[in-house]
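Residue numbers (this note's numbering), protein chains in the order written: chain P, 32 to 435; chain Z, 2 to 193; chain W, 66 to 252.
Read the hints as simulated data drawn from the structure, not as lab findings. We put the CB at the ideal spot given by N, CA and C, even for glycine. There could be a bad hint or two in this list.
[As the list claims (entries may be wrong)] One-sided excerpt, in silico: chain Z residues whose CB lies under 10 Å from chain W:
id	residue
1	Ser35
2	Lys97
3	Ser124
4	Asn129
5	Tyr131
6	Val134
7	Leu140
8	Asn173
9	Thr177
10	Gly179
11	Leu183
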Amino acid sequence: MKEENREKGYDFHEASRTETMTINMGPSHPATHGTVKFFLTLDGETIEDIDVEIGYLHRAFEKECEAQKWNGVFPYTDRLDYTASVLNNVGYAMAAEKLIGIEVPERCQYLRTMISEMARMSGHYTNVGAGALELGALTAFIYFIEARELLWDLIESVCGARLTHNYVRIGGLTNDLPDGFRENVKRVFAKNRKLWDDFDIMLTKNRIFLDRMRDTGGISQKDAIAWGFTGPCLRATGVPYDVRRAQPYLVYDRMNFDIPVGTTGDNFDRYLVRMEEIKQSMSIVEQCLAQMPEGPINVDDARWRMPSKDDSSTRMEPLIFHFKQVIEGPSIPVGEAYQAVEGANGELGYYLVSNGGGKPWKCRVRPPSFALTSALPLLVKGSLLADLIPTFDMINLIGGECDR
Amino acid sequence: MGVDEMAHKERPTEEVTPGEIAALSDSVIITQLSRLVSWGRQYSFFLYPFITACCGMEFMSVAGPRYDIDRFGAALPRFSPRQADLMMVVGTISHKQAPILVKVYNQMAEPKWVFAYGSCTVSGGMYNNYATVQGIDTLVPVDVYVPGCPPRPEMVLDGLIMLQQKVAREPNINMTRGVSPLGEADDRKIIG
Amino acid sequence: MGAMEMNEEKRRGQGASDSEVLARTKAVLGPMGVMIHTHSQHGDDTLVAHAEDVLKVMEFLRDDKSLKFDMMMDLTVVDYLGAEEVHPYLKPMNARFEVVYHLYSVEKNHRIRVKVPLPEDSPYVDSVTGIWVGADWFEREAWDLYGVMFRGHPNLKRILLYEDFVGHPLRKDYGKMKRQPLIGPVN
């Protein structure tokens, strides 16, 4: 073999050429929150090409919703973005109320705003905490899990469940605030602010954290808009688009809050935007509690919102509508409507089509993380394999929402 | 001592045991050794958290500081199936994910146990449609079922304690699970 | 019922005056003959266009100075099998599917919905990935779940379901409980 090579003129460059390695970062992997498969083509540690495959958590949300009555869809919407469940509920309820053409009472709007912001805090705690965990900051993760537990205690006293809340109904809510809620909020938020400060001290100026998050996974404004980015990832690039400000819904136009906006669009900016949003959400909750009026929490029309037991046991019309709602579902008028709310990840849009029956004809969710994940190849091509981890974390793909 | 003796007597006879082991198996040394092995196994589970969906958030809480699973010895997750002995299937398994679940289960080394966490793994939960597996016991043998959507962390810890008691009762020798009853997961084709 | 009558009026009477978006769109696209119908039900501006003119309409919407729809928010398909009375133009066109695009302008902060009805035997429409890059995965999902083909899409294959899956499950004639498991006789 050596003689042959010497005769042919042994080409050193040809012989020492490297090849790329294809490796599968499979669906069951600790760093991929939930289930996503990456098919990576690596040149050493550099990612040359990446093929993202989703769909491992496809649970047929739309098909299930078409088989449920309008009010029975709420548990399915909970499990879309399961880190911040009430936001999904609120979006669906508002889209259905838009189709009907009713408006909920003021106290209900304040309550929905308040519980939405608490859900947003929970979602951000989960995301930033898990992001820290992936980069090795185990203590920081534990701090935010404790902050999240305290918050979930509060949410549990209102909604009855820690994680998948199922609190909102078409035309109102299930129940009002419990006694002693304001004192609990004061106590819990004091502890949460302390934990936030501890987390901030540990990570924001940490050399290792900065090295891994700064200048990784960046995207320009033009690209972000073309790919359909919304939410914290878009605001990190510098575009101040927030549905709560651009098309205010519920009582956000009466709240005094800032929209944190980044500059470079890399992972560190996304982290900073989310951290600041937690603080802004706390402030919104406190304002809601201060401004909330007394009054009913449900719309007084028995066609859309189940009547109280008193009414349905003593008067005829509520009894008839109660029966119709349980057997057939509320007959929402024919038409279509799109309602966007600001989810924890971005613009969560609900597009509902009704054919006049008691079940939705079409219940479409516009998932924010679907658009974010589709741009992942653009964000990581050319960077190291280790940069994939913080980028993928900060994009915050939630399997339930992306795959539905 | 009494529990262990009962377990040994109830061991099925089709398990191939040489005559000497059968004769010695009721002696004091072997039963104490067996108790020691069971004690070691039940109080030091190495989890493989096969996390897919919403139950994963509750799993984070269970592993968190308040409902600490470390108290029960099951703290350290091992993300390689070869090194893990308790596979916790956390979250809905869709049909696309099913071959991967079977493959991971087949790759686990003996002894191994499976913990079905959440309603979706127990029976498909509220998703009864074309895309969801109606309970993972159609794919792999399950030891503990913990229902709930998602189950409260106290329920998960209760399930873990039940599994620990089950491990204490099981015979240690000749207790191999092998691959899943569906065989290897490599030949996939549409059925039905 | 009060709410129902209000809806009919809104739909038939087209409300008081069109919003700026709809007025501009009608002024430019009307003479081109690409529009079938417009409405502003519940405050959402909607435009229904022919399948052949999709690219023309979308390019106009993205590039026009006063509209500037630079973000495609959502792309989905609705199957109207059995519910053609929801929209009056579906039956005359013998359309079963409707591809629905939701567009948003970050600069001008307005929205529009564009709908394209398609018949059952030829569910083809041009892909808009050349206009908005982000439409890539949305169109793959529409193909996967509904079977609508997008001409010119670089990589039109299944995204949410596995490759061996036969059929398009979100169509109304596909049963919810029909099983096609990859593994396991019991399933």
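Now for the hints, and whether the structure bears them out:
Given the 10 Å rule on beta carbons, the hint for Ser35 of chain Z is violated: about 35 Å separates it from the nearest Cβ of chain W. The beta carbon of Lys97 of chain Z comes within 5 Å of a beta carbon in chain W, closer than 10 Å, and the hint placing it at the interface holds. With its C-beta approaching chain W no nearer than about 12 Å, Ser124 of chain Z sits outside the 10 Å limit, and its interface hint is violated. Below 10 Å, beta-carbon pairs count as interface contacts, and Asn129 of chain Z has one with chain W at about 7 Å; its hint therefore holds.
At its closest, the beta carbon of Tyr131 of chain Z sits 5 Å from a beta carbon of chain W; the interface hint therefore holds under the 10 Å criterion. This hint holds: Val134 of chain Z has a C-beta 6 Å from the nearest C-beta of chain W, less than the 10 Å allowed. Below 10 Å, beta-carbon pairs count as interface contacts, and Leu140 of chain Z has one with chain W at about 6 Å; its hint therefore holds. The closest approach between the C-beta of Asn173 of chain Z and any C-beta of chain W is roughly 30 Å, which is over the 10 Å cut-off, so the hint fails.
At its closest, the beta carbon of Thr177 of chain Z sits 22 Å from a beta carbon of chain W; the interface hint therefore is violated under the 10 Å criterion. The interface hint given for Gly179 of chain Z is violated, since its Cβ lies 17 Å from the closest Cβ of chain W, which is over the 10 Å cut-off. The criterion of a C-beta within 10 Å of any C-beta in chain W is met by Leu183 of chain Z, whose closest approach is roughly 6 Å, and the hint holds.
In terms of the numbered hints stated before, the structure departs from hints 1, 3, 8, 9, 10, listed from lowest to highest.
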